[in-house]
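Protein sequence lines correspond, in order, to chains A and B.
Heads up: the first sequence begins at 1 in the working numbering, then just goes up one per residue.
Heads up: the second sequence begins at 394 in the working numbering, then just goes up one per residue.
It is possible that some hints are incorrect.
Claimed, not checked - The list that follows gives simulated cross-link-like pairs (lysine-lysine, DSS-like), each with its CA atoms no further than 30 Å apart:
1) A:271 x B:568
2) A:55 x B:464
3) A:358 x A:329
4) B:472 x A:55
5) B:722 x A:175
6) A:358 x A:274
7) B:663 x A:174
8) A:209 x A:251
9) A:175 x B:472
10) B:743 x B:464
11) A:79 x B:663
12) B:448 x A:79
13) A:55 x B:448
14) A:357 x A:336
15) B:751 x B:722
Said to hold, decoys possible - Derived coverage of chain A by chain B (criterion: at least 3 residues anywhere in the stretch with Cβ under 8 Å from a Cβ of chain B; other residues may be distant):
16) 50-63
17) 140-154
18) 228-239
No lab work stands behind these hints: they were computed from the structure.
Even for Gly, the Cβ is constructed at its ideal location relative to N, Cα and C.
2 protein chains.
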Amino acid sequence: MLKKSIFLFFLLGSLFAQSAHSQENINLEGTKSLRSPQVHADNTVTFQVFAPQAKTAYIVGNWMEREASGKAGKQAMQKDGSYWKYTSPPLASDLFLYSVELDGVTVNDPLNVYQVRDVANIFNYFVTEGPQADLYQVQDVPHGSLSKRWYASPTLNMERRLTIYTPPGYEREKKSYPVLYLLHGMGGDEEAWPTLGRVAQILDNLIAKGTVKPMIVVMPNGHVANSAAPGESSKGQYAIQFFTPDVGTGKMEESFKDVIAFVESNYRAKKEKKARAIAGLSMGGAHTLFTSSYMPDTFDYVGLFSAAFRMNDKAKSPVFDDFENNLIKQRDHGLKLYWIGMGKDDFLYKTGEEYRKKLDGIDMKYVYRESEGGHTWANWRLYLTEFLPQLFK
Amino acid sequence: MLKKSIFLFFLLGSLFAQSAHSQENINLEGTKSLRSPQVHADNTVTFQVFAPQAKTAYIVGNWMEREASGKAGKQAMQKDGSYWKYTSPPLASDLFLYSVELDGVTVNDPLNVYQVRDVANIFNYFVTEGPQADLYQVQDVPHGSLSKRWYASPTLNMERRLTIYTPPGYEREKKSYPVLYLLHGMGGDEEAWPTLGRVAQILDNLIAKGTVKPMIVVMPNGHVANSAAPGESSKGQYAIQFFTPDVGTGKMEESFKDVIAFVESNYRAKKEKKARAIAGLSMGGAHTLFTSSYMPDTFDYVGLFSAAFRMNDKAKSPVFDDFENNLIKQRDHGLKLYWIGMGKDDFLYKTGEEYRKKLDGIDMKYVYRESEGGHTWANWRLYLTEFLPQLFK
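Next comes chain A alone, as it looks inside the complex:
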């Protein structure tokens, strides 16, 4: 009944309304042998871009040294017929972001569909080989579930979106689980940790290794000026702003009890201090330190990843007004881990140093981990893999 030619029609990719201009990327005619990027066994990476008319072509990669001006580093590609090519030196074991610059215009790599948004920009990404990168890849291990859900925040009088990871077996087992609240930075939202932070992959892999306890991970949106990530709220597909008016107001910390109440009434979450952890990066580090002191008997595990401190000196909030006393209360209630990670080149390095002096001043114990590098997802993924095995022991 159905003619074979129809099957061929499928094969030729003529099926979709967009297929004709799609074929350029689908490795048909002329690009059959092309893949970009190609990660080699020694973690050198080769990029290839078809751009016959371009006068200049660069790879702009987040592993490159910045220029003296502060601009992102880039490396010239070499023209080879209609294509431009560049091979990197051996890279670390990690996930990397890059773009292509053609005649001064920054665009995606047309041969790489793997993309991720960081703040207001889309980057291509790839993952290299080696033990650390293996934690960021999906492996053949039991998988948890990743969900987008909306919760009511009575404090803010709004519905808000969050991402929640439940560990493998959560739905089958009847038991309750400890919870890690994991907060993003100023440029992020509830999509940041699950994408750039590779949370589901890291948790699945470390739980399978047996070094991390099965736990729930809750990733709320830390910008109370928004209810959800760009495109996921009734604001529609709006132009993303790096700065939103809620930064440093204390409202996220004041409303954090709503997040906990939602999780503990909707999930089989253990409802005790020793089963609660909170951690965050940059602005989320500030949210973490202020929330955990504002609720000084709530979390037994606290993680500050490249943490900011107070981000708006003029804001009035009980979160800030009583901070020094709250911190002393938090110390006195006792906690099992106050973990601080900071990169040597982080622009918040001095902020972190001052904060540790404050902790020293009141004799509050913490574990300090200083890494190479700066204010980067490479460090935040690394910190997460180091922080997780210390939780809920």
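Using the hints, position chain B against chain A.
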């Protein structure tokens, strides 16, 4: 303690490792007033691209007429200083895909972070105004949850990933819900209906209007050669192939009982024929018609959206071997709705016509809906909004 200059540092976007080359896209210096695309009140749309050195610039949009050669249509942009501009005629009320072609290279729009993958290509998208497009936008209504989960398929001896939508209130209520199984086409996977198909938005909005019953929607991966969408399995970030060896083998249909068993033992799903619906587009339409006849007493509602028929004549499977008898059994068991949607310009139009003749030949009742247009997501979203209100009445 924290200096104000640090706050400024945040503001200037110098925070992130990628920020220097990011600024070009963040509407700072020189692009401050630029937004692309801009949807106007009359649904004309203006695109702007910064490309001072380009010799030619086009918008390649899925609303444009194809060229005689079969290539996707494109419209020349006009140069205006360092920018290129194009304004479309008034468009329909829908979601649209497009790319930019600069000097013959197809790339993303650097000013639009809203992107979606269709088969092996990334496109920018935007949503216009009007009643149909409003169904595809997030509105201020109660929201369901969207989850990525893994299920065991004993038939295929593998773990597989699916997307599942649970309606607003699912977690709060104690009642059970009917289930729609919704299948993608040959170029898709478990990400297709939730992204291009706007399933969560459509369900949230129609449930809020009261025209659609709250239901669970299950979106499995229809390619049994893969366990998950590109990048979401242990295959890693592989090069996407349009054609996978499982197409038309009958294995998806044979293993469909595993999907149902997983859903009915892990969710509060009603376990009866009158509470089960199945629908699919293109290849997923073939999966739908063969699965529903292979399990002839399982589904009371069947939807074929631009359905393919048999996609590999040589494959041996009980799904195909007994098809004619199974179809008669399905007819005799009775069902409430057998709905067929097809576009006038669809390349599968004749296939659909032949299939309807087959149904007529055995006196099997169906509802036929012929729309304008072809084999497009515009039609599949439209069919979904028309099919849903007829379910579980």
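Verification of the hints:
1. Annotation: proposed proximity of residue 271 of chain A to residue 568 of chain B holds, straight-line Cα distance about 26 Å (limit 30 Å).
2. Taking the CA atoms of residue 55 of chain A and residue 464 of chain B, the gap is near 27 Å; set against the 30 Å cutoff, the hint holds.
3. Between residue 358 of chain A and residue 329 of chain A the CA atoms are separated by roughly 14 Å; this keeps the pair inside 30 Å, and the hint holds.
4. Between residue 472 of chain B and residue 55 of chain A the CA atoms are separated by roughly 19 Å; this keeps the pair inside 30 Å, and the hint holds.
5. For the suggested pair residue 722 of chain B and residue 175 of chain A, the alpha carbons sit about 44 Å apart, so the restraint of at most 30 Å is broken.
6. About 25 Å separates the Cα atoms of residue 358 of chain A and residue 274 of chain A, which keeps this hinted pair within 30 Å; it holds.
7. Distance check on the hinted pair: residue 663 of chain B and residue 174 of chain A sit about 22 Å apart at the alpha-carbon level, within 30 Å; holds.
8. Distance hint between residue 209 of chain A and residue 251 of chain A is unfulfilled; the C-alpha atoms sit about 38 Å from each other, more than 30 Å.
9. Between residue 175 of chain A and residue 472 of chain B the CA atoms are separated by roughly 63 Å; this puts the pair beyond 30 Å, and the hint is violated.
10. A C-alpha spacing of about 23 Å is found between residue 743 of chain B and residue 464 of chain B, which places the hinted pair at or below 30 Å, so the restraint holds.
11. Our distance criterion of 30 Å between C-alpha atoms is broken by residue 79 of chain A and residue 663 of chain B, whose separation comes to about 61 Å.
12. Using a Cα cut-off of 30 Å, the hinted pair residue 448 of chain B and residue 79 of chain A holds, with the two alpha carbons roughly 19 Å apart.
13. Straight-line distance between C-alpha atoms of residue 55 of chain A and residue 448 of chain B comes to about 11 Å, which keeps the hinted pair within the 30 Å bound.
14. The suggested pairing of residue 357 of chain A with residue 336 of chain A holds, with an alpha-carbon distance near 20 Å, which does not exceed 30 Å.
15. Among the hinted pairs, residue 751 of chain B with residue 722 of chain B is consistent with the structure: their alpha-carbon atoms are about 14 Å apart, no more than 30 Å.
16. Three residues within the 8 Å Cβ limit are the bar, and the region 50-63 of chain A against chain B gives 8, so the coverage statement holds.
17. Counting residues of the region 140-154 of chain A whose beta-carbon sits less than 8 Å from any beta-carbon of chain B gives 9, enough to reach three: the coverage restraint holds.
18. Counting residues of the region 228-239 of chain A whose C-beta lies closer than 8 Å to any C-beta of chain B gives 9; at least three are required, and the coverage claim holds.
Checked against the numbered hints listed earlier, the structure breaks hints 5, 8, 9, 11; every other hint is satisfied.
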